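Undergrad: What follows is each chain in one-letter form.
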Amino acid sequence: MKFLVQLKHWRESNEKFFTFIVRFALAFLALTALYEAYLVYTTKIGELDLITYFISRGSFETARLLGVADCQWSCFYDGCYVGREGKMVNVLEGCNGLRLAIVYSAYIIGIGGLNLPSFLQMVIGFFFVQGFNVFRIGLLIALRDNGGDAYFYFLKYFFTLSIYSSVVLLWLIKPKLDGFILALTQK
Amino acid sequence: MITKRQFWIRTIAYVMVTVFISTAISEEFFRFQLGNFKIDDMAVEYKIGYAVLKIGIAWAYLRSIQFDLLNIVAIIILALLIRYFAGPFTMGIAGPAIALYLKDSLIHTRNS
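First to last, the sequence lines map onto chains A and B. Here the first sequence is numbered in the numbering used here, starting from 1 and rising by one per residue. Here the second sequence is numbered in the numbering used here, starting from 188 and rising by one per residue.
Just so you know, the hints here were simulated from the structure itself, not pulled from any lab data. No experiment lies behind these values; they were computed from the predicted model shown. Ideal Cβ placement from N, Cα and C applies to all residues, glycine included. Check each hint, because a few of them may be wrong.
[As the list claims (entries may be wrong)] Straight-line C-alpha distance at most 30 Å; calculated DSS-like pairs for lysine-lysine:
#, chain 1, residue 1, chain 2, residue 2
1, B, Lys234, A, Lys8
2, B, Lys234, A, Lys176
3, A, Lys2, A, Lys16
4, A, Lys16, A, Lys174
5, A, Lys176, B, Lys290
6, A, Lys8, B, Lys191
7, A, Lys8, A, Lys87
8, A, Lys16, B, Lys290
9, B, Lys290, B, Lys191
10, A, Lys174, B, Lys191
11, A, Lys174, B, Lys290
12, A, Lys16, A, Lys176
13, B, Lys290, A, Lys156
14, B, Lys234, A, Lys2
15, B, Lys191, A, Lys16
[Stated by the list, open to error] The following label-pair restraints were derived from C-beta to C-beta distances:
#, chain 1, residue 1, chain 2, residue 2, range
16, A, Ala33, B, Val231, 18 to 28 Å
17, B, Glu232, A, Leu116, 44 to 54 Å
18, A, Ala33, B, His295, 16 to 26 Å
19, B, Ser292, A, Leu26, 22 to 32 Å
20, A, Ile173, B, Glu232, 18 to 28 Å
Using the sequences and the hints, build the whole thing.
TA: The structure is reproduced here in structure tokens:
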């Protein structure tokens with residue numbers, strides 16, 4: 001009983017945060033359900049999901065730009081292989097960065113609700129996260145091609161951190177992004 | 188009350204430390220053949236230990252930015268929900284923590 005009273009008091013004194021939590025959780029569940037339904041559909045028809053497909057394609061182009069000669073790219077229903085023959089990197093659904101983009105989108109909806117500025121921020125966030133993702137996978141392919149310890153250390157310690165950094169950076173620049181979007185939507 | 192600068196330094200440090208710990212643990216498990224390289228494929232008892240460690244670090248981070256017990260519990264439950272659906276636990280902690288810390292200048296509601 002005492003706990004319920006405490007909970008009620010917490011809700012009243014944290015009205016804004018409570019609204020954020022409810023919106024965040026609902027948006028996260030809805031977006032995850034949509035993505036999971038899409039994954040079930042692609043599995044059913046025996047095709048690779050389009051996000052992984054385009055991310056691996058972008059990584060392939062990045063790796064070529066970074067100087068990987070004879071770079072190859074092939075996709076199957078469970079993932080793609082990118083890189084030089086014998087030194088290929090396997091790009092799976094888990095590498096496509098979409099779950100992180102979903103968390104970021106849920107955060108944006110949690111903060112601002114469902115409206116045009118939130119939608120624009122979600123789109124910007126999606127491309128920003130995927131830009132980091134394509135670059136980190138492209139760099140990984142290039143490091144694997146070059147050989148040496150750099151590939152190992154990058155994969156172990158910087159690969160995950162680099163994509164998390166993109167979201168932290170988005171959170172840091174959010175006030176500036178808010179101003180930009182506000183100016184854009186008021187035009 | 189901590190300053191904005193202290194808050195951001197602690198948040199970035201929390202993200203970096205948890206990613207480093209996850210990598211180091213999965214590496215050690217692989218080296219000593221205690222389970223698969225992927226944390227999701229570890230034996231249940233190790234997975235529970237790993238989860239307790241991650242929750243403990245999150246708790247320490249949220250305490251360090253001076254959140255009270257109910258706020259900490261609310262954020263951890265939210266992050267566990269995200270993790271349950273294969274999302275990133277660390278981001279599930281850091282995101283809501285930022286929202287709570289900056290709530291008055293950040294969260295828009297109909298009344299605000």
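Undergrad: Determine for every hint whether it applies to the structure shown.
TA: Taking the hints in turn, this is what the structure says about them:
Restraint check: the Cα-Cα separation between B:Lys234 and A:Lys8 comes to about 34 Å, which exceeds 30 Å; the hinted pair is violated. Taking the CA atoms of B:Lys234 and A:Lys176, the gap is about 40 Å. The hint is violated against a cut of 30 Å. With a CA separation close to 23 Å, the supplied pair A:Lys2 and A:Lys16 stays within the 30 Å bound. Straight-line distance between C-alpha atoms of A:Lys16 and A:Lys174 comes to about 18 Å, which keeps the hinted pair within the 30 Å bound.
At most 30 Å may separate the alpha-carbon atoms for a hinted pair to count; A:Lys176 and B:Lys290 meet this at roughly 17 Å. With a C-alpha separation of about 29 Å, the suggested pair A:Lys8 and B:Lys191 falls inside the 30 Å cut-off, and the hint holds. A hinted pair counts as satisfied when its Cα atoms are at most 30 Å apart, and A:Lys8 with A:Lys87 does not qualify at roughly 58 Å. Taking the CA atoms of A:Lys16 and B:Lys290, the gap is about 7 Å. The hint holds against a cut of 30 Å.
A distance of roughly 13 Å separates the Cα atoms of B:Lys290 and B:Lys191; the hinted pair therefore holds under the 30 Å criterion. Annotation: proposed proximity of A:Lys174 to B:Lys191 holds, straight-line Cα distance about 15 Å (limit 30 Å). With a C-alpha separation of about 13 Å, the suggested pair A:Lys174 and B:Lys290 falls inside the 30 Å cut-off, and the hint holds. Taking the CA atoms of A:Lys16 and A:Lys176, the gap is near 22 Å; set against the 30 Å cutoff, the hint holds.
Between B:Lys290 and A:Lys156 the CA atoms are separated by roughly 35 Å; this puts the pair beyond 30 Å, and the hint is violated. Proximity of B:Lys234 to A:Lys2 is assessed by CA-CA distance (about 34 Å); at most 30 Å being required, the pair is judged violated. As the CA atoms of B:Lys191 and A:Lys16 are separated by approximately 19 Å, the hinted pair is consistent with the 30 Å bound. Between A:Ala33 and B:Val231 the C-beta distance comes to about 27 Å, which sits within the given range of 18 to 28 Å.
Between B:Glu232 and A:Leu116, the C-beta spacing of about 49 Å keeps the proposed range 44 to 54 Å intact. For the pair A:Ala33 and B:His295, the beta carbons lie near 25 Å from each other, so the given range of 16 to 26 Å is met. Distance hint check: the CB atoms of B:Ser292 and A:Leu26 are about 23 Å apart, consistent with the given range 22 to 32 Å. As the Cβ distance of A:Ile173 to B:Glu232 is approximately 42 Å, the hint placing it in 18 to 28 Å is violated.
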